[in-house]
Each structure stands twice: as C-alpha cells, then as structure tokens.
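Undergrad: What follows is the residue order along each chain.
Number of protein chains: 2
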Amino acid sequence: MGLVTNLQSIRQSVDSKKLKIAVVKAANEDVLKSIKRGIEEDIIEPVLIDDEGKLTGLLKQLSIDLEKVEIIDQADDKKAAEKGVELARDKKVDALMKGFIGTGDILRPVVNKETGIRSSTLLSHVAVIFVPKLNRFVAITDGGMVVEPNKEQLKTIIEHGVEVMKSIDVKESKAAILSASENVMSKNNASVWASELTEEMRSDDYVVEGPISLDLSLIPDIVEEKNYRGKIQGDADIIVTPDIVSGNSLSKSLTLFGGAEMAGLIIGATVPIILTSRASSSDEKYASILLAQHVMNQKENG
Amino acid sequence: MGLVTNLQSIRQSVDSKKLKIAVVKAANEDVLKSIKRGIEEDIIEPVLIDDEGKLTGLLKQLSIDLEKVEIIDQADDKKAAEKGVELARDKKVDALMKGFIGTGDILRPVVNKETGIRSSTLLSHVAVIFVPKLNRFVAITDGGMVVEPNKEQLKTIIEHGVEVMKSIDVKESKAAILSASENVMSKNNASVWASELTEEMRSDDYVVEGPISLDLSLIPDIVEEKNYRGKIQGDADIIVTPDIVSGNSLSKSLTLFGGAEMAGLIIGATVPIILTSRASSSDEKYASILLAQHVMNQKENG
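Protein chains in written order, with the UniProt record's numbering: chain A, 1 to 302; chain B, 1 to 302.
No false leads were slipped in.
No more than 30 Å apart at the CA atoms, straight line, and that leaves these computed lysine-lysine pairs for DSS-like:
no., chain 1, residue 1, chain 2, residue 2
1, A, LYS113, B, LYS187
2, B, LYS54, A, LYS226
3, A, LYS17, A, LYS68
Partial chain A-side listing against chain B, Cβ under 10 Å, derived:
no., residue
4, GLU148
5, LYS187
6, PRO242
7, GLY247
8, GLY258
9, ALA260
Derived by calculation from the structure, the hints in this document are not laboratory data.
Note that CB positions come from ideal geometry on N, CA and C, so glycine has one too.
Input sequences plus hints: build the corresponding full structure.
TA: This is the structure in structure tokens:
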C-alpha cells in the first residue's frame, strides 16, 4: 500500500466533504490527470483557471466531463493567480493548486498585505512522505519554502507540521529537529535553537526534541544499539530540518532511492496550497489533493 | 556487488602496497573484526594501541594471530591518540584508525600546531557510498567534520573529495554543490558561493557545478525530463553539501533507506584517518580501511 491508498483509507468512515479547489494555470496534462482522478473518485469540485480554448481541448483529449468542472478563462499568470486567491478570500474554494506556473507567481497575491490570504506569520512547506521501509507517514518540513528559518520561524514550521499530521490522524506528533548528531554545536544556530525549543515547546498536542540525527529519529533498532534515552525513539512523525537544502535533499533521497512517495502543501494561508513541482507526477499531485482535503476536513471538524 | 567487493576490485591488477595502520584504542570487537579481515585478506599491518591485557584477551577470543599484529600498551585515550599521531609523524604507519575513542580525542593531537600532522588548511570528511540504484560510487562531503564551511573551506572540501575519488579510479570527478534548486538564493550564502566556485574552480582534474538539486545531480532521467543543460547530467561523482547536517542526513538516508553502504575518511593530514562512528559495523570499518589503502597507494604512485 502506497501513499495514495494510505491517504484514501483515512476518514473513510467519517463524512468527508468534497474539496472545492481552484487550479491556477490548469492547462497541463499532469495537472489535469490528477484532477480527472479526483473527479472520478468524487472528492473534488474543480475551478480551472487558464486559457479556455487550451483547457477545453485538453479536457476533451483526456476525456474529462466538462460538466464536472468550472472554467475561468484567464491565461495571464499574474491575473490567474489573483483570481485563485480572490476565490479563496471569498470562501468560494477550500484550496488552491499550483498548475503550470512559477511558485513565486502563485504566492505573490497570497502574501499581498491588503488582498492576500495569509493566516499565519509564515507560509511553510510540509511534505508528507510514505516511507515503505517504515510502513508509515513521515512529514519533512521545511524543504520547499523557508530558506533558512530563524528560531521563531522554526516554531511556526513545527506547528504547521503538527496541523498537517493531525489531519491524517497522527495525534501527538513527535517532531525531531534534525542535526548531524545529538550534540549542540555552538557554531550552528539551529542546533542551539533545537535544544531551546525542546525545552520551550511543551504541549499535549506534540513532542519536540532536538538536535537529533536521522537514524535516532527514524530507526528504533539504532536507538536501542546506541542506548538513546530521549523522548523520540526512532518514532518521529515530523523531521524538522534546519534549512531548505537539508529538507529538500532528504525528501528527494527518500523518494529517489528509498521508494517513498510524497505529497506537498503550503500551510499558513486561509486555505492549503497544493504546490507540487511542475515536474512532479500526476500521482504526486493527486496525493497532494487528498492531503489538502484532509487538512480542510480537519479545519472544519476541529 | 556491494561496496567492499567494488573497492576490492580496484587495482587488483596493480601492485597494491599493504597498509600499515595505527589503531587508536583498538580493544573493541567491531574494530578488531575489521582488522581480522584485513589480516586475512593480507592488506594491512596493524599496530594496535590500547590496554595490552584487554587487547590480547579479545585477539584470542576472535582467533586473531598475535604474530600478525604489533601491540602498544597504552590505555589512556589522550596518550593513545598522541602515540598514533607520533607513529604517523615518524612515517611508521600509513593511516590512523579511530577505535573506541571520541572523535575530538583522536583529532586533538592531529591538529596540534607543533607536533601534529596536518597537511592541509582544513581537515574534512569524505564519505564514499556505493548506491545500489546507481550501481556506482558517490562521495558525500562534508557530513562528518566541518560544521558550516565558508567559501574557501568549500573549495578545500571539494579538492579532498576529488583526491579520494581519484584513488578509486574516478578520473575527472564531477562535483555537484548541493542546493534545493538551481537558483541562486540571495539569502543563502552557500548557493552564492556555489555559483562563484562553478566559475572559479576550473581544472582538467574535475568539474564543479552548483547550485544544483539532488535529482539533477544523480538521476539522468530527471535531467532529461527537466531539460537541464549543465555540465552535470545526473552523473555527479561528488555531492558537496553546504553544511554538516545536510551531508550527514543525506549519507544516512542513503544507507538507511536506499540500501547503500558507506566508507568514511578524514582527509587533510599526512595520512588518511579512518573515522567511522563507534556504532558503525565491522563491514563499514573494513570498507574504510580499503579506502584508506587506495588513498595511500594513490599518494605513493602519484
């Protein structure tokens, strides 16, 4: 069972609402394939924003029922992004999805101080990864948005990670602040902050611990071998990386070499933003839609 | 074929000298198992430094011929490390190996300004990893020694990586300076330096390119998909990480989740220093001994 089947199995028993989703610059084959799957599985109501002619051509080509989608004819990147954000602001959609458009272009109207839809001090990226060897979900954050977080930003990044994991039924997430070892390195701010946040972030909703290395975070056998006595015992739910390079490389190594599958969201706006890379497969895009649906349902059901 | 067999197959046809190796605090089962294998394969002449009684007990227990080893009776961590460095300084051994002793304790006499054996401005760690999915070696540096290298240090780290890859017959190594994407991020010094070093480090001996993400560094299919037109085309030999956390986590994710095997050396002293973690297996220690032998032979044969 992979990422999609595992995400699908969550809340099957619960009343799960359809996700109204605005897709900014939707006229792209992999994007529309993931939308088609969402329509067929009856989990989404899509609003597709792009050049109408190009869109209807592709929709016909992919045998997507035109009755099942709403089309907004807007080919311009900037205006298409503004339209998507407007729909979210007016509560007409539950999520935004990046189609064939640059990350900066879709995020600019999101963070606009007057007309934007930011709900947190920070937008951060949460990758939810299904790791076959562990046979469970692990979140990695932030390998996609915040370049080099400061201590306050790390705190928000952790909170966003906890929110996402909660939506897929992981209660009391254990968040490991990643380092090369368990020692605080005075030359390395993140390891100092990790140790401070371990003390400061106490909650019934999550456990935070760091600095800690990848093996003790994820592999119980090594915890035993090294006789590590922390709150995390190879059972971390969230790997909090000190910067975008370590997070990005870790996600990629797991998917490229560990057979893992990944879904990605930006958290911190009034709606989750599905922000997979333009090169990512329709599977990854679809998994991200499912994840956004879980986050939306979690928000509504509390 | 794994890491050890691949390392063994190099220079089988060439006259390969035995490695005279000083093992600092050798009285440890995994350490001595790797030494036993080296003796049986006839590739090392070990000088074991530790408490003599403890050593001989373990040697007998592991059925290691006492005639094949030299013992120096010194149980004290500090003095054992000083003795190992003295042997290297006097050219009585070709390599140092860390036994059951802390990394700081073995490196302190190495970097001593008066009596030490530093040959470079910087000691750096090179991990050589055999990645089954790629069916080849990849070096990762530096995930074990330099916490947050500056630009000059990155340069030395790359040079040390090239030296090690040369010793295992990788000519004109391609070094990828790792980032989250191919964009220079102004907030991220390493990505700026990566771009500068791409211009500045031109040589017939190696290729340097960055910033570049993990997928374009190692996966030719993704290079094609993304139509990337760099000098590296999924064929990087060396992954240069901007800091110790990203390097350490990447090595660990490849070994823990990608079925990879790893050997590790510290480069920058007059002899290579085998510095595997105390928890690493005798296989990893043995692979590191083989790697040190290649580096030593490379130095002598030019």
